[in-house]
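> Residue-level listing of the chains:
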Amino acid sequence: MIQLGIRDLVKYPFLAETGEYLRDKGFNLEQLGHPDWKPIVEKAYGRIVVATTGQIYGSAIEDFENMDSEILSFVIAIVLLKSAGIPTLIKRFSLSEARRAERYLQRDLLQKKNETKLELPLKIMQDLFSVKVMTDEEDFVISVSDYLKRAVQFHEKEWKLINRRVENGFVFLTAHETVRLIRKELDGYINSKIQAVNIPSIPETFRERVSDLSLLAKKFLEYVTVSSDYPPCIKHAIEVLDRGENLPHSGRFMLATYLLSKGQTADQIAPLFKNAPDYNERVTRYQLDHIAGSSGKGTKYSCPSCDKLKSENLCFEIPECNGIINPTQFGKKRTANV
Amino acid sequence: MFEKNVKLVNDVFKEYYFKHFELIHVPTRTSEREFGYQKFNEGMTRHLSIKDDKELHLLLMTQVPSDVYCSNAYYSFPNLPMSEKDWKGADLIFDIDAKDLKLDCRTSHICSKCNSCQNIVKQGINCSVCGSTKLETISVTCKNCMSESKKEVVKLLEILTKDFGIQKEEIQVYFSGNEGFHVYVVNSDYQTLDSRERADLADYIMFNGIIPETFGMNKQNNSKSTLPDVNERGWRGRVAKEIFGSKSKRAKIVQEVLSGGYSVFQAKLEDWRQEIGVKIDPKVTMDIHRIFRLEGSLNSKSGLSKILCKDLENFDPFSDACLLGDENVEIIANCPISFKLKNKKYGPYEKEKITVPKYAAVYMICKGFADIN
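Chains A and B supply the protein sequences, listed in that same order.
All residue numbers for the first sequence refer to the numbering used here, where the first residue is 40 and numbers rise by one.
All residue numbers for the second sequence refer to the numbering used here, where the first residue is 1362 and numbers rise by one.
Next comes chain B alone, as it looks inside the complex (with noise of 0.2 Å):
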């Protein structure tokens, strides 16, 4: 980010978390927690123990930073290099992401900034103007993206509380600060997993690795006494939804299965996956090291805030997670997509100095799409 953005952005953070003190909080079990944070243009500053709120709060007064970070894991030494930090334990931890969902409003908010001559470019592999293939690609979130996401989330709480056993009082969700949600279980039999073990986990959860005769297809002699009732619970209960629909059908629906076989059911399988499968980012969930975006925080790809979704059904990220200042501020923007804010539109602009509020000015910036004047 060019100097001249830093200065503003930076003046805003440090304005918003002044005032929001009561949002930005150390999670529990915290002198276990290792905190780290990025300050703009600058590295990752990690491995940092903090013991409280206040020295936390002291931290964002001190450093300002454009991200701040804190473990899933517990540690006996949070501070100490990884090796030597003696995990005890993990939170369970999901990231959904609107990018992730191949939905297709996304090729209408989506372009690209080429890395060399920090030209926009809407459309192709190389940039317009001087022609390199180092672009970089820059996407706003749209209201189909979020609520996209949402069922997802929904879906995935779902699996958590039926399947898991996990109560919903251990489970947080949050907006992530850009373009997705971020699911944390505390308190539960899972923090002791590690990494393979949460993979696998994450496959139930994405319904990956499925086989037919878990359905009760086999290869030979298939009957249809085990095909799964819609009653059932788990996989077998939801495929079932999926498979037969309403019961009335059943009989007629079974015979088609049957006469089908077990390789025309793989491939349903496969297909069911796509519209079944919580489609979570794996790495997540199976890395027991991460540091993930504290709460409260802001996220420096949009000037979000990470913040907690009390209703997920009613949360409207671009209203309730957008709290920086709404001083006006002069940019140049060159954003072809447009974009809304505290339910005002903005954009599109082509190159053009405007006036927004301090919040559409630093979505702009962090994003790509906007330089101050």
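Chain A extracted, bound-state conformation (with noise of 0.2 Å):
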């Protein structure tokens, strides 16, 4: 059993500990209304508002003075969140969180030698994320297959495993690249645990902060532009049954898939493949009435992801496709009203 101290706190609120160190502390949302704790809720709006711009909330953790106040903040900067109940600030909030957070994991981990210090950030990796994190001399290492589950979201080139040192069933990372790995889970574990708190009602002095919120939601509306253009993976597969020549299965299931989801029917698609070395009119209609969802079990199957189409070298990525992750994106263009 790891004794966590305040420190450990300041630098991880959402874990389960934070609510029992406060409660011990004797504070309560009633007492915190007053007045005299104006500044803290102000704190924790300036967290949200840093949170929200992008920008990782940095704490005084050295500054004893201050370390409630830190807690505190976290705790009613939540408070001021659910009772605005807006998920897009929300969603930025738990994130920009979760690289504070990482921040301090790496910080952590670094301290190798410091044994102590390693063993908090190795047991939230195990405890919080099941991810068993183990140390070989610089390194640190973690099993494959718990890799995998984590760097497949990863589009970057440098996570696929081919360019990972890996050995004995184990992935070489930096401290850095161990921590980026469960960020997605630590910004859904923080999430998670915003979405579960219960307020039932805010001190009169908070109401003021949760309208701001509304205000600063606003900016955040995008406005999507879409061109009609294909992405090249299906220009190429038309191009291929154009031409008469056989497409593999994998590329007809994309294209039908991609075509379904730009909204035209099995009857206009049908006809795309009319040229393939083995059409047969009736297995064609059977197989795109299925990737349809209008028959068999009704499950409407979606366009496969880049990566996948990559692996299947059905993928002839271009500038224009701009790091998307499934061709159904191609030629959306996100305009923030900021």
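Among these hints, one or two may not hold up.
Within a straight-line C-alpha distance of at most 20 Å, the following computed EDC-like cross-link-like pairs (lysine to aspartate or glutamate) qualify [said to hold, decoys possible]:
id	chain 1	residue 1	chain 2	residue 2
1	B	K1529	A	E206
2	B	K1580	A	E247
3	A	K339	B	D1648
4	A	K347	B	D1555
5	A	K258	A	E247
6	A	K349	B	D1642
7	B	K1495	A	D268
8	A	K196	B	E1574
9	B	K1671	B	D1458
10	A	K188	B	D1555
11	B	K1460	A	D317
Since the hints were made in silico from the structure, they are not lab data.
Make the complex out of the two chains shown on their own, each in a separate frame, by following the hints.
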């Protein structure tokens, strides 16, 4: 059992121990509604604003005087967010807090020589995310399967397993990479913690900042413009079929799911396959209806991801793809209303 | 397949199943697997649950399937529709097929059959009789195809054991019953990987998606200290062996690599991929709901058995997996390619009436090279 100090709670305020600590100290919501605590409410609001700008809130963890206010500002920020009930703000806040925790986890991991310091970050990863991290000289190692389950979320090539040092069932990582790997889960964990909080009513002194959050959220409305161009993988598949050449099953599946996702019907898509060397009208119709979910068990299949298409040699990436992760996103341009 | 052929092949398959129950077993965790089978000229029957060897043998005797399959996946309810099965995990599976190896020998033992008039076409994209373009490729396998496929299996086994830490006892290699090998990994940490994760694992094995930075080659500021060494493990070590060969030449080659720069190195990686990447079929490895040919069962593309290779190096599929009866049968063969079974050479035949052992007759009929007389 690790004994957490107050400094640990400042770094990782989302841990269950935070609640215990505040209860032991006698804090409650009613009391925090007193005008004397207004500066902490402001600090909490500031913490949210920082998060919404995509930055990471910095705590002065060496400042012993203010440790309680650091912890409280996290808790009050959650109260404000829950009262405002705006998902985009909650999402931005949890991501930013995850990034902040990531920073501390990395710092703690880097103190490898100090085993006590290493104990907490390793325990957080094991208990919260079921990742067993071990050390090996300068590196951290995790099992290949634990690595794959997380790294496939990333689209940068350096995260592909092939670009990693892999030995005897383990992947070797730096401290930075180790914590980067669990960012999404950390974010998900903090998000789920916020979702689980139930706030019956809030003190009057919080109300002003809650309405400010609604104004803040308006900034993040996005406008999406869509171009009608097909992505290169789809163009390639259509060209192959036009030439009467054989398009593998996976290519036909991609083409069908893509066009269905763009609102075309099985009737409109079927003629595309007419030139295929093994074209059979009945089979084509059956398969298209199946993919569209209008026959069989009604499962609607979606277009495979770019990663999957790359593995199947069906990807013909061009600069305009611009980091999309699924062909259906091709040509969509998001403009934030900032 | 013509009905008259089906009758013969069915009888021969039934005889095989009756005589070789000892080769055909349900895999471990039987009750969690989905089974399926096909009969000649019929569609697939799947979502079946089979309890033990006895029930499986009964199915073989009553249905006489052309092909029998079993899931690599484990389900709570294997006989329910896919969405209700409750997937629990799946063995890792790999398929290495000679037809994917781009071997030079292939052109000498491949031909096409016209779907419209059944004519056999040795070369070209049109039927020489009716002009149709709807041709189906038929191939027989040669010794070279098999030895090259075995090399791929050996490369795969090295990665599975050394890189992925899988114990040798957890790996089983089977001859697929036609042109390649199936490799299974059981009892490992890898069973719960989903399709996407398996795709990345397959890319690792195939040496796909590699970037020069992994080998210490950056767009700027390269130094010899970051280049891989032959003593390193994993892909860095294997690539180092490709680059440097033996240690004595290292200094000179390092200079060449560094002066060649990033893009030259990148192009080299692409070349090496062909050489050192394992040529598995990624679609099989990615598929976590596949029903895969059952061990000991016959492959209807050849009449050969899918059989465990206890000694891969000395395994000879044309003898060891050729287990059908050897009574003589009269057939009309139109087989432009010669092949060897049980150390005996057959063909080429040009629309000839011949008498051959059952196993050779079934081989040609399954391939589409012969009909029963």
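> Hint by hint, note whether the structure agrees.
Verification of the supplied hints:
no.: 1; hint: B/K1529 x A/E206; result: holds, 16 Å
no.: 2; hint: B/K1580 x A/E247; result: violated, 53 Å
no.: 3; hint: A/K339 x B/D1648; result: holds, 18 Å
no.: 4; hint: A/K347 x B/D1555; result: holds, 12 Å
no.: 5; hint: A/K258 x A/E247; result: holds, 18 Å
no.: 6; hint: A/K349 x B/D1642; result: holds, 14 Å
no.: 7; hint: B/K1495 x A/D268; result: violated, 32 Å
no.: 8; hint: A/K196 x B/E1574; result: holds, 10 Å
no.: 9; hint: B/K1671 x B/D1458; result: holds, 19 Å
no.: 10; hint: A/K188 x B/D1555; result: holds, 8 Å
no.: 11; hint: B/K1460 x A/D317; result: holds, 19 Å
Against the hints set out earlier in the document, violations occur for numbers 2 and 7.
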